[in-house]
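Trainee: Here is how the chains run, residue by residue.
There are 2 protein chains.
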Amino acid sequence: MNRLKNIFEPKSVAVIGASATNGTVGNAIFSNILQSNFQGSVYPVNPKYNNVMSVRAYKDVVSVPEIVDLAVICIPNKEVENIIKQCAEKGIKGIVVITAGFKEIGEAGKKIEDEIIEIANKNNIALIGPNVLGIINTQKDISLNANFALKMPRSGKVAIISQSGAIGVAALDYAHQHDLGISKFISIGNKAVIDESDVLEYLIDDDETKIITIYAEDIRHPANFFEMAKKANAKQKPIIIIKTGRSVRGAIATHSHTGALSSSDTAYDSLFAQCGVIRVETLAQLFENAKGFTSLVKPKGNRIAIVTNGGGMGVIATDAAERNGLTMTTFEPETLEALKTKMPPTANIHNPVDIIGDADAQRLNDALSEIAKDKNVDAVIVSILPTSETDMNSIATNLCDFAKANPNLPILANLMSLEAEPAFEELLNKASIPNFDFPETDIRVLATMIKYYNWIDQPPIEITKFEVNKNQVQEVIETIKKEKRIHLSEPESYKILEAYGIKAVDYRVAIDLDKTIIAANEIGYPVVLKIISPDIIHKIDVGGVKINLKDENDLKKAFNEIVESIKNKKSDAKIQGFLIQKYFTAKGIEIIVGANLIQGFGSLIMFGLGGTFVELFKDVAFRLAPLTKQDALNMIMETKGYQILKGYRGQSSYNIEGIVDYLLRLSQLVTDFPEIKEIDMNPVKVLEDGFGIVVMDAKAILIEEQKIPLL
Amino acid sequence: MNRLKNIFEPKSVAVIGASATNGTVGNAIFSNILQSNFQGSVYPVNPKYNNVMSVRAYKDVVSVPEIVDLAVICIPNKEVENIIKQCAEKGIKGIVVITAGFKEIGEAGKKIEDEIIEIANKNNIALIGPNVLGIINTQKDISLNANFALKMPRSGKVAIISQSGAIGVAALDYAHQHDLGISKFISIGNKAVIDESDVLEYLIDDDETKIITIYAEDIRHPANFFEMAKKANAKQKPIIIIKTGRSVRGAIATHSHTGALSSSDTAYDSLFAQCGVIRVETLAQLFENAKGFTSLVKPKGNRIAIVTNGGGMGVIATDAAERNGLTMTTFEPETLEALKTKMPPTANIHNPVDIIGDADAQRLNDALSEIAKDKNVDAVIVSILPTSETDMNSIATNLCDFAKANPNLPILANLMSLEAEPAFEELLNKASIPNFDFPETDIRVLATMIKYYNWIDQPPIEITKFEVNKNQVQEVIETIKKEKRIHLSEPESYKILEAYGIKAVDYRVAIDLDKTIIAANEIGYPVVLKIISPDIIHKIDVGGVKINLKDENDLKKAFNEIVESIKNKKSDAKIQGFLIQKYFTAKGIEIIVGANLIQGFGSLIMFGLGGTFVELFKDVAFRLAPLTKQDALNMIMETKGYQILKGYRGQSSYNIEGIVDYLLRLSQLVTDFPEIKEIDMNPVKVLEDGFGIVVMDAKAILIEEQKIPLL
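Note that the protein sequences, when read in sequence, are chains D and A. The first sequence: position 383 = 650 (the numbering used here), numbered continuously. The second sequence: position 693 = 960 (the numbering used here), numbered continuously.
Among the clues, some could well be false.
If several chains are the same, the list does not tell them apart, and a pair holds so long as it fits within one copy or across any two.
Unchecked claim - Below are the DSSO-like pairs computed for lysine-lysine, each with C-alpha atoms no more than 27 Å apart in a straight line: (1) K813 with K854; (2) K952 with K854; (3) K607 with K377; (4) K782 with K377; (5) K885 with K907; (6) K806 with K854; (7) K326 with K834; (8) K565 with K671; (9) K607 with K378; (10) K737 with K718; (11) K854 with K817; (12) K885 with K952; (13) K345 with K607; (14) K609 with K345; (15) K718 with K885; (16) K418 with K278; (17) K389 with K697; (18) K817 with K782; (19) K952 with K907.
Source of the hints: derived by calculation from the structure; they are not laboratory data.
Could you put together the complete structure from these sequences and hints?
Mentor: See the structure below:
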């Protein structure tokens, strides 16, 4: 049994702190439960009263003469800990702590909260809060409104999880004004015990809930959330989230390009993208999308038909379709023929269909029934304005009948009326036909639905496992740890990459000029010469790199210059040797590939084209490791640089499969070794199709010893 | 007197086609006028009736026993022409033709419409329509509702111009539901005589109208529109437009990069950007912005403060501020001190200020009055959720008082309530405090307002006039016309550019190998050799270009190869000679500059960085000629490439002033010579600061002879 069952489906509720005084939280909650037609028993607990609102009160929860499934606590913060102990004693397994004044007020509050967490966990109590509005379950055989601010909403398919009480209020306000039915509402506040992932787990199995909306300022356990989202996908329950704090750029200490370009918000973007969760920017989008999904009809594709009684709406809808990547479908000749027969001569029978201003409900029906038969139509948007001929109620009634007759065709409406909140909206809502103010909203919502259903329809993809040399990486890491450093030298970075099948350009390491010359002869001129030192992170800045050395003379000169420059600029640097590399002139394109460990999320893998692409246009893509093959491919395709890789305007194409392979190998490396904090391969040269991909420069950093998570 | 005065402010109106039969257009219009409390006299004209709705009817308009200012015509389309003749005879100067069935139904309809236009113009009649809903003037001493679909809206500051009747209905629907006051409404339909620019001219001088919204599918006379928009700016009346048809890519025949990247929609974008008109994508944005402007308070800057009673709303608003380029202000120490004293300890006194859930109207006032004093605050957003302590009506009342006491501080609200359409919304609307569903809308609207006021506050800039050699261009053009061609050769293109002070890389023209060698010696190796032929537009495709020729041998070989290749690939091409050009290796950056004549708009000037910037990222900017210096600068700054030009990450900066100069010179050239259809300079090499800018390749095309407009 899911442990949130006690919270959402209690047979008995104790309101600890229930009060007879108007305007108190304890009064509001108790009266809300009484008024919500709760199907169980509710007990006021308050030593000050004999009864509250005519209901016999108890001096403490232990005295309640029945098993209590859920305790709602609304007493001063200092008393909460003690009361929770009593609840535990009573064997209560569900608690909602309404009271604020814990972690959010600072150290003192956090201390009490930690105590509470301990008691709850020890006694296996599902505890919501503290610092919450409360919860709502509209399910008929429960009918529980245990919160202090909100009236009972209309029952429906949408669940709301809100980290903020304020946004919870706004959400219910919107739902009320737009007649959006709610299944469950839960304010999760400080998330001391129960967090969004736990609530998701419950809602996924909740038959009443079909669509889940979340307001979150953070996700407590990204990995749990990811697992739950995948389960929701399996049940085709869309999750729509607004995760705020984009503007709070996660301050990630960083030494690499990859690090500089990623933020904790990038990790969230990746997390959501990798589990099909729909992230939106605004509250309006959150609820519009929720409403859109209420029909739960899966579009077959993205070819839409628009039917309107006013040309202008068709034009607006067409623009919006293009903006949102939908296709205005072309009708079959039979459809056109039928429409021609049934519509007046002034009508426009091509998509967007204009049945013109004097159309009544019958004409709309005639048009829709032909359009529904057309195999090129994946979804229909009906945009009808009030005219002297339009009786919106009969249009809505007909539309509902039409929807019933065509259960597999997604229908979105945009019926307008000069009268506020007319009856037809209720009709449409009951028939689960989403109705919005403007056709552009229908289109935007439909585009989101199509994207979602495409996502969940993907076949499941296993994570590729390559044969690798883990020992080689282990050795490198141990050496570094032994030397109490965190920066890998360039050859060390190559070594761990090579162990996982990622190739560097031909190189040698030498410790003096003579060995350097031998190495250069082995590799063949021209060569690159670089200093190797764990103390030098930005080699170029200290004159530690010389390129395009054509012969031994060049090499000698470069060697001496480097030695001289380091002596001047970084005399204390411990020199491990010199790196001699092939100076690579083969035609190809430069990319950047990296990984960056984000607290709580794991490693964020980055891909982008090099140079100005990455620097100026931030034309990069991220996904969290471990990557699937599809993830890697999506990353590449997400960038504009993909156009170049696949062969731009008749130019050469590049080995995209090879890049995918490298991304997957990198993903496996950082997954196997979570002590790798950052890896930056920049540049990586991708040769034309049929040739290889070689890393030209690389750096890597380990997390500091004390931060290595237990494996 | 503006000729639309007869339309909007008539003393007497004749409804020709007024009918006593319910459900007819003639009935709806006449009854709407009667019911609108029109302050003049209205005469039904219909030979079928003695009276209509108890008002004495006339058999024809000539019989009306008074001067008629406005005739509203709603009779079958075939009779309209005749009736307009009668109106002209009667001396009527204002006509609204409601009737449809003209240009929009094809050739036959267009013919009648043309006749109507002729009569109207000959008799100086301001004619609206045909194919319209009608007009509305809410002004108290007029109070005219002469349309067949809409009820009289609440009077207010917003005028609506709609090309589509349907969108007109939607607009009034939105206005009604959101209590947005309307000054004038006009449906302009086919725009046979009066178009949007004419209506603008009237509205600019209309004291009732403060904000103008437009739905347009095209702009009849872009130049007129531009002039009117500038006049509206002078009066600080914002114009907000939704111009549809973005998806209908204007099919512009083109031979150049510039052409390929521009569309008629780009011309619209440029037009609006150059005259401060606010273009929006969606109907929701159109009206939200209109509502935002109703306060008409100009923000001093973009530093905003947010006051809320729920932390979540503050977070959402902060994200939205960043997304919209607004700055969350930092309060002065005195403000923080005062807030600390006045707010409870659990409140957040830093921006976004959270006065917490138990705040009443007084606490909100206390916070606002301190924030208003802070010199770092340019605008305030007040986001209040319903809690047990919030009496929205007293909050709204206080907010209105606060707004009155701070007339120079823009205030946007976001007061929510679980009750639909409560009284407080009316209070806010009366006090012109825009109130939206979510704080994100307040922020988006405020950002638009700030952008607008910044635009109109710019000092007026004259068009720079350079000393140029017009004759030289004239000569080139005459030669080409004489030879009945339209393509300029590369040297011809250089010649017209040079006449306007735009320099090409050092080049010579030679007619044989000997002269080619002499020319190369003059210029100095390495050189580029190109074929010159009016018949060869894409030189590279026929092997007509050879670069990096290092010496005479290279040159000879290249010469022969070109001759051979042309013989094979384009033997019929008329060869005018060979172009010898310096092969330019100096360090610098390549840009693309061009111009493309767009029917009705004049020349669209393009700027972008060369290579993948322009090709893949479409990182280009457009403005219509003639450009101001600010226009040219804005173009450059609009591109991402600007980051490179001004010196990206410590790299060299480039001569931006020089690019501005070239853009202005090109603008002057295409303005002086409207027979130039396209000019494409690609690439233009911009050297590092202090060095020059040189055109490396150029082509130009004239419009075909018969299309040259009269000068």
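Trainee: Hint by hint, note whether the structure agrees.
Mentor: Taking the hints in turn, this is what the structure says about them:
no.	hint	in the structure
1	K813 with K854	both (21 Å within a copy, 21 Å between copies)
2	K952 with K854	both (9 Å within a copy, 24 Å between copies)
3	K607 with K377	between (71 Å within a copy, 23 Å between copies)
4	K782 with K377	neither (61 Å within a copy, 89 Å between copies)
5	K885 with K907	both (10 Å within a copy, 11 Å between copies)
6	K806 with K854	both (25 Å within a copy, 25 Å between copies)
7	K326 with K834	neither (80 Å within a copy, 107 Å between copies)
8	K565 with K671	within (15 Å within a copy, 52 Å between copies)
9	K607 with K378	between (75 Å within a copy, 25 Å between copies)
10	K737 with K718	neither (39 Å within a copy, 57 Å between copies)
11	K854 with K817	both (18 Å within a copy, 23 Å between copies)
12	K885 with K952	both (19 Å within a copy, 25 Å between copies)
13	K345 with K607	between (76 Å within a copy, 24 Å between copies)
14	K609 with K345	between (74 Å within a copy, 25 Å between copies)
15	K718 with K885	both (24 Å within a copy, 26 Å between copies)
16	K418 with K278	within (21 Å within a copy, 54 Å between copies)
17	K389 with K697	neither (45 Å within a copy, 58 Å between copies)
18	K817 with K782	within (17 Å within a copy, 39 Å between copies)
19	K952 with K907	both (18 Å within a copy, 25 Å between copies)
Hint violations for this structure: numbers 4, 7, 10, 17, all remaining hints satisfied.
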